[in-house]
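Trainee: Next come the chains, spelled out residue by residue.
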Amino acid sequence: MSDTNAIEIILNGIGASPGICIGKAYLVDKEGVDVVRKYFIGKENLRHETKRFKAAVKKAKDELRVIIKNSNEELCQQSYILETHVVMLKDKMLYGKTIETIEDEGINAEWALKKVVSSLKSMFQNMSDPYLKERAADIVHVSDRVMKNLVGAEALNIADICKRVILIAHDLSPAETSQIQLEKIKGFVTNRGGKASHTGIIARTLEIPAVLGLDNATGIIRNDDLIIVDGTTGTVLVHPTEETLVKYEESKIKYEEYRAAIARRSHLVAETTDGFQLPVMGNIELPEEVVSVIDHGGDGIGLYRTEFQYLSSSVFPSEDELFDKYMDVVEVIAPKPVTIRTLDINADKAITHVSECDETNPALGLRAIRYCLQNPEVFKTQIRAILRVAAYGNVRILIPMISSYDEVCETKRILNEVADSLDKEGAVFNRDIEFGIMIEVPSAVTMADVMAENVDFFSIGTNDLIQYSLAIDRGNSNVAYLYNPLHPAIIRVIKHVADVAREKGIKVFMCGEMANDPIYMPILLGLGLDELSMNPQSIPAVKSMVRELNVENVKLFMKDVLKQTSATAVMKLVQDTYGSLLYDKIYHE
Amino acid sequence: MSHTLSRDVVIINELGLHARSAAWIAKLAQNANSKVWLIRGKERVDASSIIDILSLACSKGSKITLEIDEESDINILNEIIDLVKKGFGE
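Protein chains in written order, with full-length UniProt numbering: chain E, 1 to 589; chain C, 1 to 90.
Just so you know, not all the hints are guaranteed correct.
[To be verified] Taking lysine-lysine and the DSS-like style, the derived pairs with C-alpha atoms no more than 30 Å apart in a straight line are:
(1) K24(E) <-> K325(E)
(2) K133(E) <-> K63(C)
(3) K27(C) <-> K121(E)
(4) K69(E) <-> K63(C)
(5) K51(E) <-> K27(C)
(6) K24(E) <-> K43(E)
(7) K325(E) <-> K27(C)
(8) K195(E) <-> K24(E)
(9) K61(E) <-> K184(E)
(10) K27(C) <-> K61(E)
(11) K121(E) <-> K42(C)
(12) K35(C) <-> K90(E)
(13) K59(E) <-> K27(C)
(14) K51(E) <-> K61(E)
(15) K195(E) <-> K555(E)
(16) K27(C) <-> K54(E)
(17) K60(C) <-> K325(E)
(18) K97(E) <-> K27(C)
(19) K42(C) <-> K133(E)
(20) K97(E) <-> K35(C)
(21) K85(C) <-> K92(E)
(22) K60(C) <-> K133(E)
(23) K38(E) <-> K90(E)
(24) K85(C) <-> K115(E)
(25) K90(E) <-> K59(E)
[Claimed, not checked] If you want the footprint, here are the derived chain E segments under chain C, 3+ residues with CB under 8 Å:
(26) 118-124
(27) 330-343
Please keep in mind that the hints were generated in silico from the structure rather than gathered at the bench. Backbone N, C-alpha and C fix where the C-beta goes; we use that ideal spot for every residue, glycine too.
My request is simple: use the sequences and hints to build the entire structure.
Mentor: Below you can see the structure in the form of C-alpha cells.
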C-alpha cells in the first residue's frame, strides 16, 4: 500500500515455520558492506584517514558497550563473547595493522581493514583446533562492525528495531538472532537456509512464520515494502493487491483461530478416529523447557538431551549436579515419563572435554556411547544420577549411537554394576527402569531383531539415521537437498524397525525431526510407531492431525506409499491424500 | 616476590587459551609499562594482543612462558601467572 503502482510479486521458498504475517519489510542487508571500494590516499590526507578509522573503531566499541549493558543476565554467555570483541577491536593485530597498512600503502581505511581481516581469517582457518578455527568468525564480526561505521551504512542493529517488522536477510547468524528483540519480529524471510537451519529452528520456537531459501529475497524486497509471508506454503507476496491482502487477512485470522483451537485441545490425548491413543511427547535440552512441554500438552518427555550440563562448564558435572537437574524435570512432569538420553557428544557440538584427539570425520568418530564406554567413570557418574532420580518418578534410560550388540551388553553390565554399588551404599534409587536404545545407525537397524532381545524399547532418531543411511551431511549445502525423510529407503528402514519391534513385543518410538511435522503422521501411524517425541511447539499440531486419522486407513495407505520409488512421489501421494486434511483445517474451517 | 623476569606455567583450564582467557591476559598485559611476552615452544608473541595469543593455539596442558622486559611489570606478570594457574576461575 506504500506504493500503489507496484506490481504484486509472488516468491516461492521453503516454508520453515507455519503461519501468516503481513507487515513492513526490514532489510538486514550486509551486501552493502561487502562491496568495499579501494582508492589511494594522498600523503597529506593519511592522518585524516587513520583518524577516520580510529573514530569508526571507537564508535564500534561504544556500540558494543551499549549492547553489553543492555543484555540481560541470561545472556551473560553472549556478553562475554562481546567483551572479547571489545578487546579485539583495539588489538594491535587488527587495529595496529590496519593503521600501518593505511600509512604504508597509502590506501583508504576500508581497503586496509579488509586486507588485514582476510589475512587474519586465513590464519585462523588454517588452525587444526576446531574451536580456534571458529574465532575467525569473531574477527569478521568485529571488523564488520567497524566497516559499517566506515562506509557510513546505517549501522545494522537489529536490537534497535522499534516497530513490528518482517525481517528480510541474506542469512541470519546465531549472533545476529541473539540480538533480536523477538517481540518486534513478525516473521523471517531469508535467501539461504532451509527447515533445519538456525533461523528455521528459531522461528518455530517463537511460533512466527518463516519462508527461507528464496535465493534473492534481499534483491527483490525493499525496505518498508508491504509483504505477506505464508510460512505454511512457503510463499512471500511483495506489494500485494487489495484483493490479496483481504484474502490473506482472512486466512491469517483463520490460522490464528485454528492455532487457538488446537492449543485448547492439546492437553487431551491424541486419539485416532478408531480409538488408537498415540502418546505425543516433548524433546528438551534444558530442565526449564519442561514447562513448555506441559504448556503445549505433551504427554511426557520422549527425549531429554543431557549434553548441556557437559557443554556449559569446563569440568564434568558431578553426580549431584546431574541428579539435581534431572530431578527438576522428573518432579515437574511426574507421573508422566521422562526419557533421559545418556551423554551424546555430537559431531556438531564441539565438546571441549574430549577434543584431545582431532577427528577428521567426527560424525563417524568417537561419539555418544562409544565415548562413554571408553570413559566408564564419566558414564557411571551419569548412570548413578539417572538411577537415583528414577526413584522419584517415571524414568527411562536411552542409549545413543548404538551400532553393535556388544555395546548394548556392555552398557547393561555397567548399569548393573552401578546399581549394585548404589545398593551397597544404601542409596535411594530404582534399578528397574525401562532401558532403550536409539536406532540411528544402519547397523543397529539390521541387527534390530538381536537388539530387541535385550532392550525395552527402540527410539528412532531420524536426523542421524537419515544422514547415515543416505550418506548425506546435512550441513553440506551441496547435498542438503538430498536429505529427505520421505526417501523410500528411509520409510523402509523405519518399517523394518517397527516390524521387528512389534514381532518381539517391544515398543518403538521416534524422537527425530520427522516426528515434528503433521504431514508425516499418516506414514508414522501407518508404520505402527507407538510414541512420538518432538519440539514442544509442534505438539498441538501433531496431536490435531492424529485425531483426524484412522489407523486402519493409514495402514492401507502405506501399501501405496511402499510402491513409490522416489521421495517426490511419496510426498505427492501424502499431499494428495492427506494434504487437504491439514490445509483445509487450517484455512477453511 | 620473585625477581626473575620470566615464569613458566601450564595451562590447566579445559578450554585452553580461548577467547575469554586470551582477552583476560591481553587486558592485563595492556596495563604494563613495557612489553609482556607469551612464549610457547619457539613462538613468542605480544601478550597484549588477543589475536596473537589465540594464534599460539595453547590447549590444556600446554606449557607457556611469560616474560617481561621491565622489572616494574613484575606484578602484572605474577597476576597473569596466578590467573593461568587458577584456570581463569572456570
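Trainee: Are the hints correct? Go through all of them and say.
Mentor: Hints versus structure:
| no. | hint | result |
| --- | --- | --- |
| 1 | K24(E) <-> K325(E) | violated, 43 Å |
| 2 | K133(E) <-> K63(C) | holds, 21 Å |
| 3 | K27(C) <-> K121(E) | holds, 22 Å |
| 4 | K69(E) <-> K63(C) | violated, 36 Å |
| 5 | K51(E) <-> K27(C) | holds, 23 Å |
| 6 | K24(E) <-> K43(E) | violated, 47 Å |
| 7 | K325(E) <-> K27(C) | violated, 36 Å |
| 8 | K195(E) <-> K24(E) | holds, 23 Å |
| 9 | K61(E) <-> K184(E) | holds, 25 Å |
| 10 | K27(C) <-> K61(E) | holds, 15 Å |
| 11 | K121(E) <-> K42(C) | holds, 23 Å |
| 12 | K35(C) <-> K90(E) | holds, 16 Å |
| 13 | K59(E) <-> K27(C) | holds, 20 Å |
| 14 | K51(E) <-> K61(E) | holds, 15 Å |
| 15 | K195(E) <-> K555(E) | holds, 28 Å |
| 16 | K27(C) <-> K54(E) | holds, 19 Å |
| 17 | K60(C) <-> K325(E) | holds, 28 Å |
| 18 | K97(E) <-> K27(C) | holds, 18 Å |
| 19 | K42(C) <-> K133(E) | holds, 21 Å |
| 20 | K97(E) <-> K35(C) | holds, 17 Å |
| 21 | K85(C) <-> K92(E) | holds, 26 Å |
| 22 | K60(C) <-> K133(E) | holds, 16 Å |
| 23 | K38(E) <-> K90(E) | holds, 23 Å |
| 24 | K85(C) <-> K115(E) | violated, 37 Å |
| 25 | K90(E) <-> K59(E) | holds, 12 Å |
| 26 | 118-124 | holds (count 3) |
| 27 | 330-343 | violated (count 0) |
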